[in-house]
Amino acid sequence: MNRQTQTFNELDRVIHEPGRLMIVALLFAIDQCDFLYLQHETEMNKGTLSSHLSRLEEAGYVEVVKTYRGKVPQTLLSLTASGREAFKKYRKKLKKAL
Amino acid sequence: MDRVESLLKRPKAYGNIDGTGELGMGFMCLGFALLIWLQLHTPKDSIWNQMYVSFIWIGLLVAMIHFGTKAIKNHITFPRTGFVAYRTQNRIWKAIIAFVIVAMASAGLVLAARPHRHIVMPVFFLGLFLTACYAYGIARRVPWKWLVVLAQVIGLLAIAVLPGDLAATLASGAPTPGVLPASFTRFAGAFLLWLLLYGTLLLISGAISFWLYLRHTQAPTEEANEPANADVQ
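Residue numbers (this note's numbering), protein chains in the order written: chain E, 1 to 98; chain X, 1 to 233.
It is worth saying that the hints were derived from the structure and are not from the lab.
Hints may be right or wrong, so weigh each one.
Derived DSBU-like pairs: lysine-lysine, alpha-carbon spacing no greater than 30 Å straight-line [as the list claims (entries may be wrong)]:
| # | chain 1 | residue 1 | chain 2 | residue 2 |
| --- | --- | --- | --- | --- |
| 1 | E | K92 | X | K9 |
| 2 | E | K95 | X | K70 |
| 3 | E | K93 | X | K44 |
Distance ranges between label pairs, derived from CB positions [claimed, not checked]:
| # | chain 1 | residue 1 | chain 2 | residue 2 | range |
| --- | --- | --- | --- | --- | --- |
| 4 | E | K96 | X | T200 | 43 to 53 Å |
| 5 | E | T80 | X | V62 | 56 to 66 Å |
| 6 | E | G47 | X | V153 | 47 to 57 Å |
| 7 | E | R84 | X | L214 | 17 to 27 Å |
| 8 | X | H66 | E | K95 | 30 to 40 Å |
| 9 | X | A85 | E | K88 | 44 to 54 Å |
| 10 | X | A219 | E | K95 | 38 to 48 Å |
Which chain E residues stay away from chain X? Per the calculated CB distances, all over 10 Å, these [stated by the list, open to error]:
| # | residue |
| --- | --- |
| 11 | L21 |
| 12 | A25 |
| 13 | D31 |
| 14 | D34 |
| 15 | E41 |
| 16 | Q74 |
| 17 | L94 |
Since this is a predicted model, take the numbers as computed values, not measurements.
From the three backbone atoms N, C-alpha and C, an ideal C-beta is built for every residue, glycine too.
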C-alpha cells in the first residue's frame with residue numbers, strides 16, 4: 001500500500017461522506033446556526049439533513065440545542081471542540097493526500 | 001479540496017445575502033457626507049463644528065446601522081433562510097485591522113500629496129483601495145455586482161480628472177470664504193463627491209439585493225425549521 005492510499009484510508013469516515021463534509025465545513029466557519037440555514041445552504045431535504053446531523057452528533061462532532069425564537073421552535077447547531085479538531089485533522093490529511 | 005475551501009467561505013457571503021451590508025455602508029457614507037457638508041457650510045463656531053457633535057453623529061450613525069441591520073435580520077432574513085451567529089472574536093479583529101490600514105493609508109496619502117497640486121489623488125487612491133475591497137469581498141461572489149465596481153471606477157476616474165476648482169465649489173460655500181486654503185477646499189470637495197458617489201451606489205446596490213432576496217425567498221412553515229425526526233435531540 002503506497003503512502004497516498006494509506007493517507008486516504010486514515011481519513012475520518014464520519015466527515016469524509018460528502019453530505020456530512022458540507023455540514024461540518026459550513027459549521028466550522030461560524031459559531032452557531034439553525035437547522036433552516038443548513039437546509040438552505042446544503043439544499044438537502046429535512047430527512048437527509050437530520051440523519052447526517054444524527055450521525056455527527058453520535059460521533060460527538062455536533063452539538064444540537066432545541067430552543068425557541070419567540071414562539072417558534074428553533075434547532076441550533078454548532079461544532080463541538082472535538083468536531084473542530086477532527087475537521088482540522090481531516091483537512092490536513094486531505095491536503096497531504098492530494 | 002477546492003470545494004471544501006469554498007464551503008468555508010460561504011457563511012461570509014451569507015452576511016450580505018439580503019443587501020444589509022451594502023445598505024449599512026451606503027448609509028454610513030451618506031451620513032458622513034452630510035456631516036462634512038454641514039461642517040463646511042456653517043460658521044466655525046456653529047454646533048456642527050464642535051468635536052463632540054461629530055462623535056455624537058458618528059455614534060448615532062453606527063447605532064442606526066447596527067439596530068437597523070439587526071431588525072432586518074431578525075424579522076426578515078432569519079425566518080426565511082436561517083439564523084447564523086458568526087465567530088465574534090475574528091470579526092472584531094478583522095474590522096480593527098481594516099480600519100487601521102485604511103486610516104493609515106489615507107493619512108499617508110494626504111501627507112504625501114500635500115506639497116503637490118494633485119491634492120485630489122489621495123481620494124482617488126483611497127477610493128480605488130475600497131473598490132478593490134468591495135470587488136474581493138462582494139462582487140466576486142455575486143456576478144452582477146461587477147457593474148457596481150465598474151460604476152465605482154468610472155466615478156473615481158471622473159473625480160480624478162475633474163478640474164480642481166470644480167470639485168472645490170462643493171466645499172467652497174463656507175460662510176467665511178478665503179479662510180480655508182484652496183488646496184483644502186479642493187480636497188474636501190473631491191472627498192465629498194466620492195462619499196456621495198459611493199454612498200449612492202452602495203445604497204442602490206443594497207436595495208436591489210434586498211428586493212431580489214425578498215422576491216426569491218419566502219418564510220417556510222413553522223415546522224420547516226425543525227429536523228424531520230426525533231433523532232436530533
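Taking the hints in turn, this is what the structure says about them:
Between the alpha carbons of E:K92 and X:K9 the distance comes to roughly 18 Å, so the proposed pair stays at or under 30 Å and holds. Between E:K95 and X:K70 the alpha-carbon distance is near 38 Å, which puts this suggested pair outside the 30 Å criterion. As the CA atoms of E:K93 and X:K44 are separated by approximately 65 Å, the hinted pair breaks the 30 Å bound. At roughly 50 Å, the beta-carbon separation of E:K96 and X:T200 lies within the given 43 to 53 Å, and the hint holds.
Separated by about 34 Å at the C-beta atoms, E:T80 and X:V62 break the suggested range of 56 to 66 Å. Separation of E:G47 from X:V153 is about 48 Å and conforms to the stated range, judged on CB atoms against 47 to 57 Å. Checked against the given bound of 17 to 27 Å, the beta carbons of E:R84 and X:L214, roughly 35 Å apart, lie outside it. Taking 30 to 40 Å as the suggested C-beta distance range, the pair X:H66 and E:K95 conforms, at roughly 39 Å.
For X:A85 paired with E:K88, a C-beta distance near 20 Å fails the hint of 44 to 54 Å. For the pair X:A219 and E:K95, the beta carbons lie near 40 Å from each other, so the given range of 38 to 48 Å is met. Against chain X, the non-interface label of E:L21 is violated: not every CB pair exceeds 10 Å, the least being about 7 Å. Not every beta carbon of chain X lies more than 10 Å from that of E:A25, the smallest distance being close to 4 Å; the non-interface claim is violated.
For E:D31, the condition that its CB be more than 10 Å from all CB atoms of chain X is violated, with the nearest at approximately 5 Å. Distance check on E:D34: its Cβ comes as close as 4 Å (rounded) to a Cβ of chain X, failing to clear the 10 Å threshold; non-interface status is violated. Once the 10 Å rule is applied to beta carbons, E:E41 is inconsistent with being away from chain X; the minimum gap is 6 Å. For E:Q74, the requirement that its beta carbon stay farther than 10 Å from each beta carbon of chain X is not met, with the minimum near 6 Å.
With a least beta-carbon separation of about 6 Å from chain X, E:L94 fails to lie farther than 10 Å from that chain, contradicting its non-interface assignment.
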